[in-house]
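J.: Sequence:
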Amino acid sequence: VLCEKPFAINAREVELMVNTATQNQLTLIEAMWTRFLPHIGTVRKIIDSDVLGNIHTLQADHGQRLSDSNNPRLWEPALGGGALLDLGIYVVSFSHLILGAPEKITAKSNFTDKDVDEQTSAIFEYKNGAQAVLNTTLSNSTPCRAIVSGVNGWLEIDRTFYNPAAMRVVLHDGTKTEYPNNYKGHGLREQAIEFSRCVRSGLIESPLMPHSESIAVMKSMDEIRRKIGLHFPNE
20 VLCEKPFAIN AREVELMVNT ATQNQLTLIE AMWTRFLPHI GTVRKIIDSD
70 VLGNIHTLQA DHGQRLSDSN NPRLWEPALG GGALLDLGIY VVSFSHLILG
120 APEKITAKSN FTDKDVDEQT SAIFEYKNGA QAVLNTTLSN STPCRAIVSG
170 VNGWLEIDRT FYNPAAMRVV LHDGTKTEYP NNYKGHGLRE QAIEFSRCVR
220 SGLIESPLMP HSESIAVMKS MDEIRRKIGL HFPNE
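Residue 247 in my numbering sits at position 228 of the sequence shown, with consecutive numbering throughout.
Some hints could be false.
[To be verified] Straight-line C-alpha distance at most 25 Å; calculated BS3-like pairs for lysine-lysine:
| id | residue 1 | residue 2 |
| --- | --- | --- |
| 1 | 238 | 127 |
| 2 | 24 | 133 |
| 3 | 246 | 123 |
| 4 | 127 | 246 |
| 5 | 238 | 123 |
| 6 | 64 | 195 |
Worth flagging that the hints you see were computed from the coordinates, not collected in a lab.
Use the sequences and the hints to build the structure in full.
T.: Laid out in structure tokens, this is it:
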């Protein structure tokens, strides 16, 4: 099963899905398609190379003007509506990719008249003092960029950071390394290729998006919802 992101409404549901897949030895992968893209593979290598030094700050936003959309999936509490689950999952997952699970989360939201979040901002705090500043909204388009800053410089990922995108590393000594976007396509084929590889290899999860990561990301989503007071009727 290649399951659309977010994997479920909450971490408890994800754990049930993972347990079922494990018991039946079935391939189950969250379709967080960004994790499988070539430029994210390059991001992993840049972070692992320690060229940026210790990471202190991460900033990422994902906003689309969807306020005129009549799609009930975006607005109905019974369908898990709101900015956080539909768009915010990208910035939360990206933060986990770079910094891992946070030690503390603070968050604020604006709500619609149907009591789902129209806009949410969160700060993730880590034991080493690093912070991730995340924003998501359904009310307007935002730059949809990501910046990862370390003691030696920073990594900029252009619009749209969760799609194939150009990026660059800028160091404090003036060195700039460009990573142009030469990708052809819409970005969905890589997750299908990885899913097929896992099925053929008899794997129940992908090392690029393992079950433990999907659970950890959803626990952060749950904590954001707890902080902003967002509850769904089917929980």
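J.: Now, for every hint given, state plainly whether the structure supports it.
T.: Hint check results:
1. 238 / 127: holds, 17 Å
2. 24 / 133: Holds, because 22 Å separates the two Cα atoms, which is no more than 25 Å.
3. 246 / 123: Answer holds: residue 246 to residue 123 is near 11 Å, not above 25 Å.
4. 127 / 246: Satisfied, since the Cα-Cα distance of roughly 7 Å is no more than 25 Å.
5. 238 / 123: holds, 12 Å
6. 64 / 195: holds, 16 Å
The structure meets every hint from the earlier list without exception.
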